Structures are given as structure tokens and as C-alpha cells.
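K.L.:
Residue numbers (UniProt numbering), protein chains in the order written: chain A, 1 to 344; chain B, 1 to 344; chain C, 1 to 344; chain D, 1 to 344.
Calculated from the structure, these hints are not laboratory results.
Note that the coordinates shown come from a computational prediction; the quantities given were computed from them, not determined experimentally.
Mixed in with the good hints there might be a few duds.
Which copy? The list can't say, so a pair holds if one copy fits it or any two copies do.
Below, simulated BS3-like cross-link-like pairs (lysine-lysine); rule was C-alpha separation at most 30 Å, straight line [said to hold, decoys possible]:
#1 K212 x K3
#2 K227 x K3
#3 K90 x K164
#4 K213 x K164
Below are the chains, spelled out letter by letter.
4 protein chains.
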Amino acid sequence: MGKRFGILTSGGDCPGLNAVIRGAVLKGETVYGQEFVGFRDGWWGLVHGEVMDLDRSVVRGLSHQGGTILGTSRFGPYQEPDGGAENIAKVLDRLDLDGVVAIGGEGTASASKRLYEDGINIVGVPKTIDNDLDATDYTFGFNTAVEIATEAIDRLRTTGNSHKRCMVLEVMGRHAGWIALYSGIAGGAHAILIPEQPESIDQICAWVTSVKKRGRSPMVVVAEGFKLPEMSDAHSTKGLDGFNRPRLGGIAEVLAPLIQERTGIETRATVLGHIQRGGVPTGFDRVLATRLGMATTDLIADRGWGQMVALRGTDIVRVGFDEALANHKTVPQDQYQEIRVIFG
Amino acid sequence: MGKRFGILTSGGDCPGLNAVIRGAVLKGETVYGQEFVGFRDGWWGLVHGEVMDLDRSVVRGLSHQGGTILGTSRFGPYQEPDGGAENIAKVLDRLDLDGVVAIGGEGTASASKRLYEDGINIVGVPKTIDNDLDATDYTFGFNTAVEIATEAIDRLRTTGNSHKRCMVLEVMGRHAGWIALYSGIAGGAHAILIPEQPESIDQICAWVTSVKKRGRSPMVVVAEGFKLPEMSDAHSTKGLDGFNRPRLGGIAEVLAPLIQERTGIETRATVLGHIQRGGVPTGFDRVLATRLGMATTDLIADRGWGQMVALRGTDIVRVGFDEALANHKTVPQDQYQEIRVIFG
Amino acid sequence: MGKRFGILTSGGDCPGLNAVIRGAVLKGETVYGQEFVGFRDGWWGLVHGEVMDLDRSVVRGLSHQGGTILGTSRFGPYQEPDGGAENIAKVLDRLDLDGVVAIGGEGTASASKRLYEDGINIVGVPKTIDNDLDATDYTFGFNTAVEIATEAIDRLRTTGNSHKRCMVLEVMGRHAGWIALYSGIAGGAHAILIPEQPESIDQICAWVTSVKKRGRSPMVVVAEGFKLPEMSDAHSTKGLDGFNRPRLGGIAEVLAPLIQERTGIETRATVLGHIQRGGVPTGFDRVLATRLGMATTDLIADRGWGQMVALRGTDIVRVGFDEALANHKTVPQDQYQEIRVIFG
Amino acid sequence: MGKRFGILTSGGDCPGLNAVIRGAVLKGETVYGQEFVGFRDGWWGLVHGEVMDLDRSVVRGLSHQGGTILGTSRFGPYQEPDGGAENIAKVLDRLDLDGVVAIGGEGTASASKRLYEDGINIVGVPKTIDNDLDATDYTFGFNTAVEIATEAIDRLRTTGNSHKRCMVLEVMGRHAGWIALYSGIAGGAHAILIPEQPESIDQICAWVTSVKKRGRSPMVVVAEGFKLPEMSDAHSTKGLDGFNRPRLGGIAEVLAPLIQERTGIETRATVLGHIQRGGVPTGFDRVLATRLGMATTDLIADRGWGQMVALRGTDIVRVGFDEALANHKTVPQDQYQEIRVIFG
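Turn these sequences into a full structure, and let the hints steer you where they fit.
P.N.:
The following block contains the structure:
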């Protein structure tokens, strides 16, 4: 009866990946006598059979270590020439592995679902720093990103106040504004701009001007995926000033000069970038990741292929790939509107 | 139609209290035209009619500020000579206040319930750094405490390893071990000791010895309320070494010498103490506190007296005082057992 | 005998400005019976006589607060129409002030020197986040900036390793590379690029490639003022690929695509920006700033006009404006070469 | 010509030890072709010839890692039965080592001096978290300890204010009060108590009462080595209340009840303990430690036996063991008096 499993981490890295791996190995070994290997660089390692041993000594001290010791990539399991369920089954057979734990985001879950339907023993652990997976209340990494962004706002606020400037901070969030929403609320931002909700440059400037009139320095937090409705596409700001301006840098670098031109308030942009996804995870993310890793060992012991582990309230539950992928979790209108009323 | 309300903070302080106040004032003013005053030093200010104005300018920048600008105390609303619902009703009348928002823990909720039953318009916001209120998935302040304790473990680990010592860290948690559990998991502790679960000194030493044999330095996290079953009462360690030893300092200071004597491993105690409840709240706690504060304004606008706001999953909900007080939220056996299997 | 003085903060803000103000007010009041006002927004407040009172209650709790409660600006004291020593003397006379404490960088020191030569009672406190004032071993704010940049490198390293990417971090330092040098050493960067030392793109790529060959992910820290010798001017990268490429964003955003093109290693840029100069100062900066503020009260009590306070070793000393301005403190060749040998 | 050297770390651990080791290995290998081994657990490893290899791959990523990968102990090189210069010379010969780098505090420097006089090729790197070595402006680890203590004060302040309590924080410093002085200044403490300067309980209570009268919550920072003049010895508080009270726990736990009894102000003690010496070093300490490590390779290449590397201003210099040990660096009276005048 197979007790050997392979773990992979796929897509963008997140603080907490190593804690998932550690949680699975520690509990799996101790409780179920499971053995683990790690596939290198995501699906690439699975497709090519490139593995590293994962035992108690390897995962020692991993819970506070950012990134993933397995490496990650954007390589897909059906990618030619060696991908596909048939070849993967051979790899698993050759490595004497009974199943796969795929830690990843929406793309990873979709691929996992297809592999599962094609007969591969596979379970999933949800991972997205943007927190946009509907299967789970929170994804690990998100909390760390929010804390980093919040600290950045705290820092920008004092320099903004000293110079009476408007500060614009761009945080991650291509399709969902969770990091912007949470860090913006935490940091007391005067406007929070998210992909889910267009706001006109006039509205934004109205908020900024209102803050300034109260004698304060405006703080705007914007998710990278926010689009001005005036922007004809992601790569220009056409319509705002009558000609196509090439979009370089982030949306903060588009917004800052527009705000300055229109309000007359000196405005500076900061793009937080990759530091949001690196480094020591928060305690919250380590706990969540460890619990998910431990619950995964129960799931594979039960041969619960085709499912993911997820957080609901304070419980770790199981969700089918189908259900997990049914909805994209964006910021609900009512939650945004509740905070929007105090902007400005 | 009354739109004036008083806010008080009672019991031990928590990071996030100020964010609750700020959230309530900002939304209440903007959406409902509510006005707020703050009672000074908890119930004392309500009983004695000592208030400060709370408006937008007062709550400016409060979300990242620890403690409570209102002050707090352990004074109770029925405390003689001026306490009691009748007198409090007069105070509210004199101050032209339509209701009370009481931010506090179990004691505060009990007192609020009694006041409500005695005819006072009162709602509650749950607050306990120990996270032991069943009404809500998490209480604000808890997350900050966990992060502080986790960082302490990270620091203790390197000094423990360098000296090959066993390190014992005592964290808060008189009746519930949530901070110990979460920070212990996050920090990769080799044993976590909580009030809910007695563990014998033999068991603890077995874990410590096992870690040492693997060449690592044991890390033990203990909640202040943990008791050795051998201890005849909270103030002695009688039975362990045949005579009553006076219990001074925290439980960590009891455990460390016992571990050292029995295992021969040099052992050091650290009592984290008050730094767990002070200072800048985490982003998570600021968001939770702000959301609770904002939801409170809806509750009082609806005249939902006798209820508290609470977190369920990712939603802010309402819970009656009765329900909120029905159960004390301790660490469930299965959640403790799941992590206990990997101790040592 | 005049005991009233005005304080101003000029130029870019720095963590520690408030601690200087607090240190001066607390010691000045207590020891010398001095009284202080603060000029608003740098020289602007002095020229226009716009002041705020500064006493013990105002400076309460200021040492850990970033920015400057006085505000700052780039306005100069000789700026028309109201500037100039004659007008300033009238303002001081009208406000009954005996002298001025000007906290600022090189420009502020130059202007102070001219005012002093024109008869104004003025002393200086050196301030530059770039640490490029020769008068003093370290300037406050620099330490905080280094810690923030170091933490960013720590974070970028884990995400770089997970993705096998080269990470390029741009930190402050227009004319001096101190922040890059210190944070780069602290973070274990594989290449540190500073304004004082041109390095060819070939050399940079050689370091990056060498790191990659050892199986590690290259980390490059670059000061904003670094210039590739191949760049004909600050606004283009002409010569590198045969055509003028408009220079947008920081130097990191120029370097990253060049490194990627030439080495084939995926490379990402992060521009740290304004978060380096905001927020809570480190303990080191608070101590330095407090000591400088306290020493300033001795200096003005001694009527030591025309001098600045400065750090030498562990002592606070006095330096004439002339001497302070004689040299720009850049990174010495030998200090750079010592670390350069271990690049790659 | 010998190019092989052994490194040891002795005494209490400090953040930065690993960065010294890394700096030495990286520069020594690259510039001089030196090879290194590490003695395990301080002098114990030297006396017993227990070593680990130290090359570039081993020191990878060490600069931000607290503690020492070599282990440390309080074992002395002349400790029986195997210690002494003659035996150590044999060990070095057997291991083909040309000299020793001893990283440690005053005891280590004394032992190194004796070994040097007995013919051993040895150099030193100063290490003391208490910063009490006169040879050097600052020792690494001290800066990290100050930052940790400063953050603790920041946290205690908000909880103190909320409850109107006096908070007493005990920090490290058995014979020198540097950590208390620096963190106390940084945190804006109302009284700083150091071993160098007795202060009566009456004086302390006078400061505390004065703060309270101004409506603030008193913050007292005390070094572990501070003694009340009323205390007949370190183990009792006799004389204060007429009977010998056993001294258990730290001095903070002695002071807090005394302050409370005498002032009537609720007072709480926190003993920071071992977290001050563990965990990730600050950037400042990593730079200092790395520079010291690199300078050590120059020193051993020059065969400068009998000397230590040290920081003077911003320069790394060399100091003979004699000179290094001539004076103990305590807080000078004038520096203490300068800050003492603003206590209360």
C-alpha cells in the first residue's frame, strides 16, 4: 500500500510555502508513516522526475523561511514535449510515488483537476498571495503581504505629512483588490483603488483635495490591477489628456502625475513590488500553512484525490477542485462601499 | 431622535482598541450623522459621567496606535457607591446620550448584559487578547500578541542553538492557550503547554530529551495558565521534589529549573509579559478592529441593543449577549492533539 | 539676555528630526531655561515669521515619530521677495528670538553659513539620509534607511531563490553610495553599485553569471545615482543597444532588462523609494538625534553661532560651517574595493 | 607557508557572530587564499581538536542569521585536563593550522593574551552585547539588543498609558549600562538606572511621581546590574523594609513592588531577558561584524598575532590585547548626567 508522495510548489512564491511542506512531512511521517519527495521547480520537476528527498531533517526550521526550498516555476503539467497525464503516471510509477500534493493558485488547481480527471492521484493546497481563491477564507502569504504593505503606508504617511505631499502606494493585486483593501484600511488610507471598482480621476482628485483641505496629507493605496475608466486599455492613459501615453511602470506611476497636475498637490508614487512576496512569513501565515500541510496528510491518507484543503472560519476543511474553481473571490461591492464612504 | 452615543474600553488593553473607536466615529459621523463621546477609564467614566469628545479630528491617525486613548480600568458598572443601572441611566440622560458601546471581554459582556436587562441601551464589541470569546472567530489584539510571541521564539531559537540550551518561553493565556498554540506552531516549538491540557513533568522532559538527542535545542512554549498536574496548587510545586517550593514569577520560572534538574540540559526561562499587549497593532488587527467599529454604527443605528458585533469567517455578524457568553472558547482537544503528535 | 530660539527643519525629511527637536526642548528648558518656537516648513517659516510653540508638552512622545512636526520644504532663506538676512533679522527681532537652529543638509548648511556671515545668530544640526556630510561620522536617518533597505534585501532574496531570478534593488543615494554599501553588505548582495564607482554592464553581468553558476540567485543593490559608463547621460542608455532609450523610472529599471538580455537570467527590479525615509526611526537614530538636539542647547547657551553639532566616534563635537562644508563624504575607494573583491 | 586558520566563538552569543565568520571566510579565501576551520563550542573545540570545515558554501546566507554556527560555551583554554598552551600548540600542529581567531569578550581576550604570551598565534575579535569593551567604539550585537529593547519600551508605553501604570523594564547590562542608556534615551524613558550610578529608591520614586503628576505613565528602564544603595547585597533588599527579602528574579521585580508601595502607583515589571541576544541582527551589526571579519584576514595575513580588530569612528583599526584589556568601558558620568537632568 503506497505511502510515498511527491510535493510541488507552482506559480509565484508566497511566504508560507515552506511551512506547508514542513507541516506535511512532520505529521505525515509521525502519524501515518508517509514518505515524501519534493518535485523541483513546480510541475517541471514532476514532468521530468526531478526530485529531492523530504524528511524531518530537511524541513527543520523551515516554518519561518520565506520562499520555497523546492523552487517554483510557471511550467504547466501538460506542457510539451514531456507533459500530460500519461507521462506523469509513468514518472510517478518509476519514482514509486502514490500521489501528488500540488501547492498553487488557480492555474495549478485547474491543471490538477484535469490531471485528476485523467487518472492521477492528486490533491491541492490553495496558494495565492492575492487571496482571490473562493475555496478558502484566507490564503497563506496574503497576511504577510498585508503587513508589509501596512508598514509601508505607516512609513509613507510621516514623510507625506512632513512635505505636505500626496503619496500613492501601489500594492499587488492584478484581479482582486484584497491587499489594497486590507492594507489601506489598516493604514488609514484616504482612498483605496481596486480592480473590482473603477473610480474616475475626478473622483480620486476630489478625495485628495478634500483631505488636503482638512490639513492632512492624502494617502492613496492602489492595487496594480486598478484601471482608470478613462484608460482605453492597460497600456495607455488615452482620453485623459487627449493622446496615447505609453504605460510604463505601475499604475501608481500613472496616477501620481495625473493627481499632481489636476490638484496642484505635489504627489509621489511608490511601487512596493516583490518585497511583498518575500521574506519571513507572519505567525498567522505560518500557522495557516502548517495546518494546511498537516491536513493534507489526512487527505492523502484517506485517498481523497481531487480535493483541496481550505480554511473556513477557524476550521480546515476539504473542497473539491470543481467547487474550488467555481468562483473567483473578488472584493464584494458592499464591503468596498462600506469603506468607500469614509474616503477623502 | 437620539444620535449621541458613548464609547468605553474596559479591562486589559489590547492593540486595536483605538482602531475600533476610530472606525465607529468615522463611519458613524459620515453615514448616520451620529455623535460620540468617550467615557474615561472604562465603566468608571460612565458611572461618573467623565467624558471626552470623540470626533473625526480626535481619531485621526489612531488605527496604528496601541492602547486606548480613553483609558481603561477594572472598575465595574455596578460598583458602589455610584454604580447601577438607575444611576447610569441618569448619567446618560444628563449627557444626552442615547446608548453605550462597551468594548471589553467576558466581564464587560456580563455586565453589559445585566445593564441591558436593566433597561440600558447598550451594545458590545468583544475584546480579549487571549482570544477566548466564543462569540467571534478571532478577537483583535490576539493576532498582534501572536506575532510578538512568534518573533520572540525566533530570537530565542538562535541563542538556544548556540548554547545548546533548552529555552522555555512563557506567553499570555490564563484560561486558554491560544497564544501559546499559535505562536508555538508558528515558531516550530518542540512542546506547547496550555491550561486546557495537563502534561506531566515526565512527559515534558521526555520531549526535551528527544529533541536534544536529535542534536537540536529544545524550545518549549508555555501559557501562563498551564499547571503541572503534580502541582498541588498554583502557588507551589509540592510533590515534585518533596517540599513546598514557593511559586514566584511565572510558570516558565517553575518549569525551567525542573527541566534542567531532570534532563541535565541547561535551561533558561523567559517571561514575555506586558510587551505582548502593547504597541502598534498588526494590519490584521487594525482591519478587524476597524470593521468591528464600523459595524457597531450599523448596530446602534438599528437600535440593536443587547447585541455584540463579531467575526464569523470573513463576515462581521451580530450576536446576542446571551449567546456570546454561553461558552468560553478554549483550545479544542483535537486541535491540540493534532499538533501534540509532532512534539519532541 | 535672550533665551528664546527658533528651530527649523529643511530639505528632505529624515527619521530622527522630531527626536532632535525633542532633545533640544527638554534639555534647553530644564538646564538653561531656554524657550523654543518652531518655524513652519523650513526656511519658509523663518522668512515669513510663521511659528508654533515648542514646549515639553508639544514634544511629548516625539522620539519615535518619523518626519517632522514642523514641516519642511525646499524653500531657501534668500529666496525672493521676503528672504535675505536683513529681513530675517527683523523677523527674529519681531518674534523676540535670539537665534536659530537649522536642521538640514548641505544646502541648509551653506545657507546657514551665509546667514551667519550676514550677522544672523545661527547654529546647525547635520541632516542627510544619504550620510554624505563629512562633518559627522553618521547622520541620523541613515541608520533607519539602511535597516529598511536591509530588510527589503532579506525579503527579495527568498523570492529570488524560489524563482531562480536575479533581483535588482534600487536604494537612495544620489551622490553617495552609503545606503547601498551598508545595506548591500548587510544583506549579502552579490554586487553593489554606487555613484562613486562606475562599473560596466559587462562587469555586472559577469558577477551575475558567476553567482548563477554557483547555483544561487544573484542580488544586485544599486544606488539611485549610479551610472553605467555606457550611458551617455542620465536620461538615456544610448550606446548599450545602439539607440536612445528614454530613461524612465530608476536605474534599477534600466539595469534589470539589460542584465536579463545579456545573461539570459530572468531579472526583476524593485525601487524602494520613499519608504526609506519615513516611519519610526531606529533606536540608534533616536539616540543620535536626541544627543545632537541636547548638544545644540549647550551650543546656543555658549552662543557658538556659526557652528554645527556632529558625531565623532562616540562623542558629540562642534564643527564650524566652513569645515563642515569643506568636503562631501563619499564612499572611499579602499572601502569599496575591500567589499568589491567578494562580489559575484 | 601556513594559510590555514581556526575560528572560535566563546562566551555568550551575540547577533553578528555568524557575519564575522562569513566575512573572514569570504575575504580570506578570495584575497589571500586562506582556508578556515571552525572550532566547535568555543575553546572546547580548540582544546579537543573538534572542528568543522568553513568554506564559501558553509557561510552562504549567514550574515542575517543570529547565534553562531560554531556553537559557544564558557569553557576556558587553560581548563584541565587538556587545556594549556602546550596542548593547544599540539592540536594546531596536528590540524595543520597556522593560527587562531578568537571571537569573544573580556574573558576571551584575557585568555587569548595569555595564550599569545605562551607562544600561540592568535588574534581577537571583540564581542560583548553589553558594549563594555574599551578597545572599540561599538561591539556588534549591542545595536541589535538596543533595537529590541527600544521596541519593547515602545510597546510597554501604550499599555502603561492605557492603564495609568508605571512600567519597569529590565534590560541586559551586568556591569555597564549601555543597553539601558541607549534604549532608554530612544524610548523616552523617564528614568534610566545603570550599574555605574546608584540611585536611591526615594529618588526613583520622586521621578515616578513627578511624571504621574504631569498626567503621564512613568517608564523606568533598569540594567540588570543596577543596585539600590539600600540593598545590602545582590541577593536581598534588606534595609528597605527591615527584613531580608530573598532576591528572586531580576532587579525589575525588586523595584516594581517597591515603587508601587511607596508611590501608590500601580507598577508592573518586565524582564526582557534572552530575546535581546537572539535572532536576526540589525543591518548595522551585520556591517560591523562583516567588516571586522574581513579585517581579521588582513591581520592574520600580516601575522599580527596578539592584536584585535576594533571600530574607531568609522574605521576598523588594530589594538593590542594589552591595550584592549586596559579599561572596562562603562557609561561616563557626564554622559549619564546629561540625560539624567531630564528624568522625571
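K.L.:
A separate judgement is required for each hint: does it hold in the structure or not?
P.N.:
For each hint, the structure was consulted:
{"no.": "1", "hint": "K212 x K3", "verdict": "between (63 Å within a copy, 29 Å between copies)"}
{"no.": "2", "hint": "K227 x K3", "verdict": "neither (49 Å within a copy, 39 Å between copies)"}
{"no.": "3", "hint": "K90 x K164", "verdict": "between (64 Å within a copy, 28 Å between copies)"}
{"no.": "4", "hint": "K213 x K164", "verdict": "within (11 Å within a copy, 36 Å between copies)"}
Going through the hint list in order, the structure does not satisfy hint 2, though it satisfies all others.
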